[in-house]
Amino acid sequence: MAAKKSPFFDTATTLGKIVAFFGVSALCGVLAAGLMVPVASLAGSGATAGAEVFDALPASFKGEPIAQPSKVLASDGSTIATFYSENRQPVELKNISKVMQKAIVSIEDERFYEHNGVDVRGIARAAVNNFTSSSQQGASTLTQQYVNNLLVNADVVNGVDRSEMTISGTKDIADKAREAKLAISIEKEMTKDEILEGYLNLVLFSGRNYGVQAAAQRFYSVDAKDLNLQQSAMLAGMVQLPNAYNPEKYPERSLKRRNTVLAAMLRTGAIDKKAYDKAVKTKLGIKPKEVKSGCIAAEGAAYFCDYVTRLITSDSAFGKTKKDRENLLYRGGMNIKTTLDMRLQKEAVKQTERMIPADDKSNMGSAIVTVEPGTGNILAMGQNKTYAPTDKDKGPITMYNFAVEAAMGGAGGFQAGSTFKPYTTMAWLESGHNMWEKLSTPVKRYPSSFKWKASCLPSGYATSGGGAEGWAPRNAVTWPSSMTVDYGLLNSVNTATITEASKIDLCDIANAATRLGIIDYGENVDPKTREVSTYGQPVNPAHPSFVIGSAQVTPLAQATAFATWANKGEFCENRALTSVTDAKGNEYKVKPVSCEQVMDPQVAADMNGTMKKIGKKATKGQIGYQIAGKTGTNNDANSTWFVGYTTGMSTAAWVGRYDKDKKMKTQGKVVNGVARRWTDSGTWAAPLWTAYMKQVGTLYPAKSLGSPKAAPKPEPKKEEKDDSKPATTESSAPKDDKEKPKATETPKATESAKPKGNNNKTPTPPKKTNDD
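Numbering follows this note's numbering, in which position 216 of the sequence shown is assigned residue number 212; successive positions increment by one, without gaps.
Wrong hints could be hidden among the right ones.
As the list claims (entries may be wrong) - Under the rule of at most 25 Å between Cα atoms (straight-line distance), these lysine-lysine pairs were calculated in the PhoX-like manner: (1) Lys221 - Lys270; (2) Lys449 - Lys434; (3) Lys184 - Lys90; (4) Lys67 - Lys580; (5) Lys252 - Lys283; (6) Lys333 - Lys67; (7) Lys564 - Lys690; (8) Lys277 - Lys221.
Claimed, not checked - Computed beta-carbon distance windows for the label pairs: (9) Ala120 - Ala240: 46 to 52 Å; (10) Gly203 - Asn331: 19 to 25 Å; (11) Arg249 - Pro385: 30 to 36 Å; (12) Asp171 - Gln236: 15 to 21 Å; (13) Lys447 - Gln618: 43 to 49 Å; (14) Leu280 - Lys357: 32 to 38 Å; (15) Ala259 - Ala384: 42 to 48 Å.
Honestly, the hints are just simulated from the structure, not real lab data. Virtual Cβ for every residue (Gly too), placed ideally from N, Cα, C.
Given only the sequences and the hints, what does the whole structure look like? Please build it.
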């Protein structure tokens, strides 16, 4: 079905006829004849010269689209934000109160229904007054004013500044003649009601509020059809000098002007004496309601709104240049429908602010972003700070969107820490290994000469780096020197992940992350120019430390990636827009649901088997439906995570430092009134995720995450028969779930742990450890 056209561009409507009219250029002679009487009567000996000038004026011009506000909408159709250069809400004449129509005609053009576009009698009256009085009168009809508004609009669209001319009234005779010429022709094309409708939808009332509907909402919080007599008179009085008669700034002046309009209505017979007497005794009675433009007014969803506007202004589908795209956004009457679920969005903002208040002295950031598995739809994008233009990076206000990359208004991503480990395990399973395979995982040093298989690199391998000392990764606490892959991922043991990586191809691990949409926004050095760039690049397998989370990733990318395991191995690109149309009814191409099977469903189920146990541990069993996920903490805990999912939603909860504070420690700092010597994902991120999901987790289906492969049952041992004892068979099934760390330090519910024993000492993770 074709989209319904806006009345501003439909040739069957008032403004549509105007646009059609301005394409006609064969009316010059008729227009000249129509104006010869006033020109001759007023110009005297200059009549001939005036007529020649008039004949030389063009009879057509390029009609431009009339500015209309654009709206960003949530998935339920509610308005998130409005964008406009001119706040205008076009309405048909039948939806403008009769008394408003009478008020504007009485004060601006009482002979509107009698003249042919130019009021000869009015011109004569104004001329006499202006020659004999110190006061000045104008004689422009409503039709001429309508033409003027259309001309101003065309100039604005084309970058011509006519503001001084329009406001000061300093138009020269050529300008006035051009308006008159076009006004007479308009009267031949349109009915009086159509002209009045067009005028009332175009005219400026105050500030950036254009048209009677926007004005009625702005000053009285009512629709134009519901305006009463005194309200109509006040608004009609404003159009002469919109700023001077603003009732909020100049109430006494505005009241006097309103009563002047009421007197004009009484004089012209639009109202009777009784109505006049009652109306002039009333107060202005304004009930202001301002519709702010832009994301700053998008309460509770400002950062998502900012993300959407950047999608629009960076996409050539919405215009050839950025200026064209911005013009479309602010003037094109767009309806931008998004994926945002306001139920989740409100809760995301509420919980992030509760975890770390916006004005907390620590200046810590907290964020939640939720993506729907199977569609990639962004359902929520909330954070604890207040959105507002600022050049500061401290305090409750910031422009940084913690969920996204710098190019889209973000803080540039954060170190993934242990949330990166599942990508290694994914590659491990895809290489033919399994979750119950035992690993030798002692803490050891990898010399710089150690060759890590990396088939995609020119040399075919990567080295550990670290100079003569090599790389000596450690664990936050002491773990057994032998464990299964399942046990290592469950407890986020660095040496287990590193051992896995040493037995497979680093390029396979990097590729696994890339297939799930992970981009590294860390500092990348160009080997030729040595220039440092923070633009996103695929994870680089040349540095083995990436396997335990040195890459800087965004919460949005993490939520999107983890949704793949929730969706049986099918990766869906994230998206924020579902449909976009403009005032002309044009439909714009937006990213469709785009999914691809990137891993075997059984691999996803095997991953889920372990990550379900992690999810239960991280949330302390507080969630009553099936969840899975992974915690993560980088060095100094300035980036802490819990990325968890159900089959219905995948959510990344992040808490940490941002911008210039990214490398500041959180241990020992006062955060939300509490100082802690040991902090990790269990301190903020996991509790944040849990609190959020307890409120919204059942809004989307939480079904089974599949069944992992079970370890094969061991063969029973064959023993020599002993006639003196009954025959027995011993099982040698794995007992990994009973293994405990050998040290006195006992891990908490998250990977890293506060040690028992000496409370004055906290284990210090080494550089590039990045484990919880």
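Satisfaction of the hinted span 32 to 38 Å by the C-beta atoms belonging to Leu280 and Lys357: violated (45 Å)
Does Lys564 pair with Lys690 here, judged by a C-alpha cut-off of 25 Å? This hinted pair holds, its Cα atoms lying about 24 Å apart.
Does Lys221 lie within 25 Å of Lys277 when you go C-alpha to C-alpha? holds (23 Å)
Consistency of beta-carbon spacing, Ala240 to Ala120, with hint 46 to 52 Å: violated (28 Å)
Below or equal to 25 Å on CA atoms is what counts here, so check Lys252 against Lys283. holds (19 Å)
Evaluate the given range 43 to 49 Å for the C-beta pair formed by Lys447 and Gln618. 46 Å Cβ-Cβ, so the 43 to 49 Å window holds.
For Gly203 and Asn331, compare the CB-CB distance with the range 19 to 25 Å and indicate the outcome. This hint holds: roughly 24 Å between Cβ atoms.
Just to be careful, I want the Cα atoms of Lys449 and Lys434 compared with a cutoff of 25 Å; is the pair within it? The given pair, whose Cα atoms are some 20 Å apart, holds under the 25 Å limit.
Range agreement (Cβ of Ala384 with Cβ of Ala259, hint 42 to 48 Å): Holds: the Cβ-Cβ distance is about 46 Å, inside 42 to 48 Å.
Just to be sure I understand the hint, the distance between the Cβ atoms of Arg249 and Pro385 should be within 30 to 36 Å; is that true here? holds (33 Å)
If you draw a straight line from the CA of Lys184 to the CA of Lys90, is it 25 Å or shorter? Within the cut-off at roughly 22 Å; holds.
Can you confirm whether the C-alpha distance between Lys67 and Lys580 stays at or below 25 Å? At roughly 15 Å apart (the allowed maximum being 25 Å), Lys580 and Lys67 satisfy the hint.
Hint violations for this structure: numbers 9, 14, all remaining hints satisfied.
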